[in-house]
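Basically the working numbering = 1-based index in the sequence shown + 42.
FYI, nobody ran anything at the bench for these hints, they're computed from the structure.
Please note: incorrect hints may appear among the correct ones.
List time: in silico EDC-like cross-link candidates among lysine to aspartate or glutamate, alpha-carbon distance up to 20 Å [unchecked claim]:
#1 K283 x E267
#2 K206 x D192
#3 K222 x D130
#4 K56 x E252
#5 K61 x E306
#6 K399 x D130
#7 K190 x D130
#8 K305 x D221
#9 K260 x E362
#10 K309 x E233
#11 K121 x D192
#12 K61 x E223
#13 K189 x E233
#14 K269 x D192
#15 K119 x D130
#16 K61 x E126
#17 K61 x E96
#18 K349 x D136
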Amino acid sequence: MTRIVQVANFYGPKSGGLKTSMVEIAKQYSRSGIECLQIVPGHSYSRSNTNYSELITIPGWRIPFSGGYRVIIGTKKIKSLLTEYRPDLIEINDRLTLLSLATWARKRNIKTVLFAHEILVNVLKTFFPYVPYLTHIVKWHNLNSFKKFDHVIATTNYAAQEFKAINANNLSVIPLGVDKEIFNEKRTNYEIRNHEQFPKLILCSRLSKEKNPELAFKVLQLLVEHKMNPHLYVIGSGPLKNRLMAKYKNLPITFLGYINSRKELAKYLASVDLVIAPGPNETFCLAALEALSCGTPVIASDKSALKEILVNGGGTYVDENIDNWVEAVCTVALDQNIRSEALRNANNYSWEQTVQKLLSLYCLTQPEKELVA
Numbered sequence: 043m044t045r046i047v048q049v050a051n052f053y054g055p056k057s058g059g060l061k062t063s064m065v066e067i068a069k070q071y072s073r074s075g076i077e078c079l080q081i082v083p084g085h086s087y088s089r090s091n092t093n094y095s096e097l098i099t100i101p102g103w104r105i106p107f108s109g110g111y112r113v114i115i116g117t118k119k120i121k122s123l124l125t126e127y128r129p130d131l132i133e134i135n136d137r138l139t140l141l142s143l144a145t146w147a148r149k150r151n152i153k154t155v156l157f158a159h160e161i162l163v164n165v166l167k168t169f170f171p172y173v174p175y176l177t178h179i180v181k182w183h184n185l186n187s188f189k190k191f192d193h194v195i196a197t198t199n200y201a202a203q204e205f206k207a208i209n210a211n212n213l214s215v216i217p218l219g220v221d222k223e224i225f226n227e228k229r230t231n232y233e234i235r236n237h238e239q240f241p242k243l244i245l246c247s248r249l250s251k252e253k254n255p256e257l258a259f260k261v262l263q264l265l266v267e268h269k270m271n272p273h274l275y276v277i278g279s280g281p282l283k284n285r286l287m288a289k290y291k292n293l294p295i296t297f298l299g300y301i302n303s304r305k306e307l308a309k310y311l312a313s314v315d316l317v318i319a320p321g322p323n324e325t326f327c328l329a330a331l332e333a334l335s336c337g338t339p340v341i342a343s344d345k346s347a348l349k350e351i352l353v354n355g356g357g358t359y360v361d362e363n364i365d366n367w368v369e370a371v372c373t374v375a376l377d378q379n380i381r382s383e384a385l386r387n388a389n390n391y392s393w394e395q396t397v398q399k400l401l402s403l404y405c406l407t408q409p410e411k412e413l414v415a
């Protein structure tokens, strides 16, 4: 039986898109008769099983002020587990401390795949804006990284841009999917939908600097100043939560925190008038696609990858001007056809399609593996 290992960093109990994509891809692997092992950082070492994969957590360094994200620094334990598991392919969801696994795997005839979940230079600039030559450093890092892997996967052309810039010849663009059995119009809660407050907005995001969450609060503030009766639901947590709660405590906001239940998340996404996705560095944004699948339109930053998705309907994208965001909210919320456009657009995406494309790319037939720890 074919065996695939998924390894990740920047993973935590309240992880968003990365965790969701790993779980959904693993489910599809299982349905295709493929065994899957997931290795992620945690507080301590543990092993557990689900109906689609085995999950192993390895003690990881807790990143300060990150809201619980952890990073695996050393790879010795991972290599020991890989030797035991004998995988056919390793998917690495990290561009920093786990790259050495690719070199280790190549020596043992194990295929490796790098998932590029972020524009690394943009993320680093958010936190280290004054580091000199950062763009050149990241370019050098990418040049040294992509050659170690059999494949580099980006989920949008936006996410692929760093590797296109260095002519990575093993780059493929494969979009993520959405579970339409969970995220659909039938999840609508009409007590929320029919409430007199209008427009009802959702910010479904990690509350951290690189996601630019405060823009949604500023939009809400202007809507109130314009004598409208809006409400903002905030789904997610993060290091900025307490500051945002204190600063905007007099506005009509419900902080729902991190919602672990996918069905509960779908209920809120299906019941509001629109979703605001202000993050300029989003390389896909699964929450936005899940909203579209519920028939709820999305307004996004024109700098993010969502522009590639929303160009096909179900919302719009806006520049940095806050007044343009307010105007977009009013226009989209009143559009009678936009919910059907959102549903049509979401029909272009499924996890089945994602995994079919991955497995077609991988071509898992390969020489017998020589596993030496």
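Now the hints, each set against the structure:
1. K283 x E267: violated, 23 Å
2. K206 x D192: Between K206 and D192 the Cα gap is close to 16 Å, so the pair holds against 20 Å.
3. K222 x D130: Given that 20 Å is the threshold and the Cα spacing comes to 30 Å, the pair is violated.
4. K56 x E252: holds, 17 Å
5. K61 x E306: holds, 17 Å
6. K399 x D130: holds, 17 Å
7. K190 x D130: Holds, at roughly 16 Å.
8. K305 x D221: Measuring from Cα to Cα gives roughly 11 Å; hence the hint holds.
9. K260 x E362: holds, 12 Å
10. K309 x E233: Satisfied, since the Cα-Cα distance of roughly 11 Å is no more than 20 Å.
11. K121 x D192: holds, 18 Å
12. K61 x E223: holds, 19 Å
13. K189 x E233: violated, 54 Å
14. K269 x D192: Answer violated: K269 to D192 is near 56 Å, above 20 Å.
15. K119 x D130: holds, 18 Å
16. K61 x E126: It is violated: about 24 Å lies between the C-alpha atoms, which goes past 20 Å.
17. K61 x E96: It holds: about 14 Å lies between the C-alpha atoms, which stays within 20 Å.
18. K349 x D136: Judged against 20 Å, a Cα distance of about 24 Å means the pair is violated.
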